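> Hey, can you work out the whole structure from these sequences and the hints?
Going down the list, the protein sequences come from chains A and B.
When you line the first sequence up against UniProt numbering, it's residues 1 to 230, in that order.
When you line the second sequence up against UniProt numbering, it's residues 1 to 230, in that order.
Just so you know, these hints were derived from the structure itself, not from any lab.
Being a predicted model, the structure only gives us computed values, none of them experimental.
Think of the CB as a built atom: it goes at the ideal place given N, C-alpha and C, for glycine as much as any other residue.
Accuracy of the hints is not assured; some may be wrong.
Residues from chain A that keep clear of chain B, each with C-beta distances beyond 10 Å, as calculated [stated by the list, open to error]: (1) Phe23; (2) Ile25; (3) Val39; (4) Val78; (5) Pro125; (6) Glu127; (7) Asn144; (8) Asn160; (9) Gly164; (10) Glu191; (11) Thr194; (12) Lys196; (13) Ala220.
Partner residues aside, some chain B positions facing chain A, computed with beta carbon under 7 Å [as the list claims (entries may be wrong)]: (14) Ala47; (15) Pro62; (16) Val89; (17) Arg97; (18) Asp100.
Number of protein chains: 2
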Amino acid sequence: MAILHSHPFCPQSRFARLLLGEFGIESELVEEKPWERRVPFLEINPAGNLPVLVDDSGLVVPGAGVIAEFLDDTRGPVLADRRFLPQGVVERVEVRRLLDWFLVKFHEEVSDYLATEKIYKRFMPLELGGGAPDMSAIRAARANVRYHLNYIGYLIATRNWLAGDQLTYADLAAAAHLSVVDYLGDVPWEENETAKLWYARIKSRPSFRTLLADRVPGMAPSEQYENLDF
Amino acid sequence: MAILHSHPFCPQSRFARLLLGEFGIESELVEEKPWERRVPFLEINPAGNLPVLVDDSGLVVPGAGVIAEFLDDTRGPVLADRRFLPQGVVERVEVRRLLDWFLVKFHEEVSDYLATEKIYKRFMPLELGGGAPDMSAIRAARANVRYHLNYIGYLIATRNWLAGDQLTYADLAAAAHLSVVDYLGDVPWEENETAKLWYARIKSRPSFRTLLADRVPGMAPSEQYENLDF
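Listed below in structure tokens is the structure:
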């Protein structure tokens, strides 16, 4: 069976979990705390970041974007017109543009701050950066998320899914990252009904269920986190 | 003719310039100062980052990684065994792993700090963040570059090029980013002879010439910047 080294509240790991679910690939989740920088983990991924997929054959595929491309290379073509990275050149550019948007830009501006400050720091030892959250980082992330939510609403106002007519990696990446922010109650859904309806659609997919079942010990999710008709 | 919106000392732009050179694609370089956040530029790339390729047909391809994948999709197959993103699944994972390493990790830990603090800030107005460089950011980048240089040396000790037997996107990305650091004299080449010899090989490629001709107004390059046998 494939193994996914991941953390339940790492947004990049959540994207990979959605992909494995959508592709119907059975896998074992192995929890990794990236701040521990464990040597056996660094041996399989010297970059030290999550997630890392180890496939049936033992091939190590590190990083959310690399996993997405690997799955498209190896399993994309059989999905035909349901392919998450569609065949057409123009469509591929648009999906990858938005994939970068969420895996890099949204991560840097929103989800990494919130996951680190509000979740990871509760479990990190003080000497590795644990402790009280940095409120200025949280405020910055909360201001930034508004702009991203409006961008999602803007795209969805003219398209069925983020990158066009069909569900793609762009939707799965955006939703994976937003799901962490939503757990924390930091998505101002009331500000953009279009974005909210898009998220409700993607949240009701079977691949999302395991994400909605995750809990941070000692920290309840926001009220709407599990509610499919929020 | 294709247009590349870029900045002469943006490491991501330099990677795209190397790609266009290696693929033999004639293009016009249009200089963009990303800190100005010009509306006409944001209209073609709402993320606001460089580089952006506009191909002959007018298709907008934003971001270094997206441009690399686009060129591989459209022009990779004809390169056959000289393809910069080789055909094999295992090879593609390794090239993309290292591409991420340099476009994301090295950028975040080294080249973005140095380009911003030592170059961009000289030209940014004060109200957009210009002014004196932050010496603590420069010190952090200089400490980090050692570790990356050793990783390059470690890989090259057992392989002909970074990702394996042949030159790939991994080498072009690493060299593009290092070239900015090298202009500033911040690569401790004397610490790793193996990495230095690899860089000398890639620096002597014709695609590198336009990079070596660039100058920051009022700031001479380091002594070895243009020297092919440094």
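> Could you run down the list of hints and mark each one as holding or not?
Hint by hint, here is what the structure shows:
Chain B leaves Phe23 (chain A) outside its interface by the beta-carbon criterion, the shortest separation being 15 Å against a cut-off of 10 Å. Interface exclusion of Ile25 (chain A) from chain B stands, the closest Cβ pair being 15 Å apart, more than 10 Å. Every CB of chain B lies more than 10 Å from the CB of Val39 (chain A), the least distance being 16 Å, so the non-interface label holds. Distance check for Val78 (chain A) against chain B: the nearest CB is about 15 Å away, which clears 10 Å, and the non-interface claim stands.
Listed as outside the interface, Pro125 (chain A) is consistent with that label: its C-beta sits roughly 22 Å from the nearest C-beta of chain B, beyond the 10 Å cut-off. Every CB of chain B lies more than 10 Å from the CB of Glu127 (chain A), the least distance being 19 Å, so the non-interface label holds. Listed as outside the interface, Asn144 (chain A) is consistent with that label: its C-beta sits roughly 13 Å from the nearest C-beta of chain B, beyond the 10 Å cut-off. Distance to chain B confirms Asn160 (chain A) as a non-interface residue, since its nearest Cβ pair spans about 20 Å, more than 10 Å.
The claim that Gly164 (chain A) lies off the interface holds: its Cβ sits roughly 15 Å from the closest Cβ of chain B, which is beyond the 10 Å cut-off. The non-interface label for Glu191 (chain A) is consistent with chain B: the shortest C-beta to C-beta separation is roughly 19 Å, beyond 10 Å. No Cβ of chain B comes within 10 Å of the Cβ of Thr194 (chain A); the nearest lies about 17 Å off, and the non-interface call holds. The beta carbon of Lys196 (chain A) sits about 21 Å from the closest Cβ of chain B, which is more than 10 Å, so the claim that it is off the interface holds.
Look at Ala220 (chain A): its CB is around 33 Å from the nearest CB on chain B, clear of 10 Å, so calling it non-interface holds up. Using the Cβ-Cβ criterion of 7 Å, the hint placing Ala47 (chain B) at the interface with chain A is satisfied: the shortest such distance is roughly 6 Å. At its closest, the beta carbon of Pro62 (chain B) sits 6 Å from a beta carbon of chain A; the interface hint therefore holds under the 7 Å criterion. With a cut of 7 Å, the hint placing Val89 (chain B) at the interface with chain A holds, because the nearest CB-to-CB distance is about 6 Å.
Interface hint status for Arg97 (chain B): upheld, as the beta-carbon distance to the closest one in chain A is roughly 6 Å, under 7 Å. The beta carbon of Asp100 (chain B) is positioned within 7 Å of a beta carbon in chain A (closest approach about 5 Å), and the interface hint is therefore held.
Violated hints for the displayed structure: none, as all numbered hints are satisfied.
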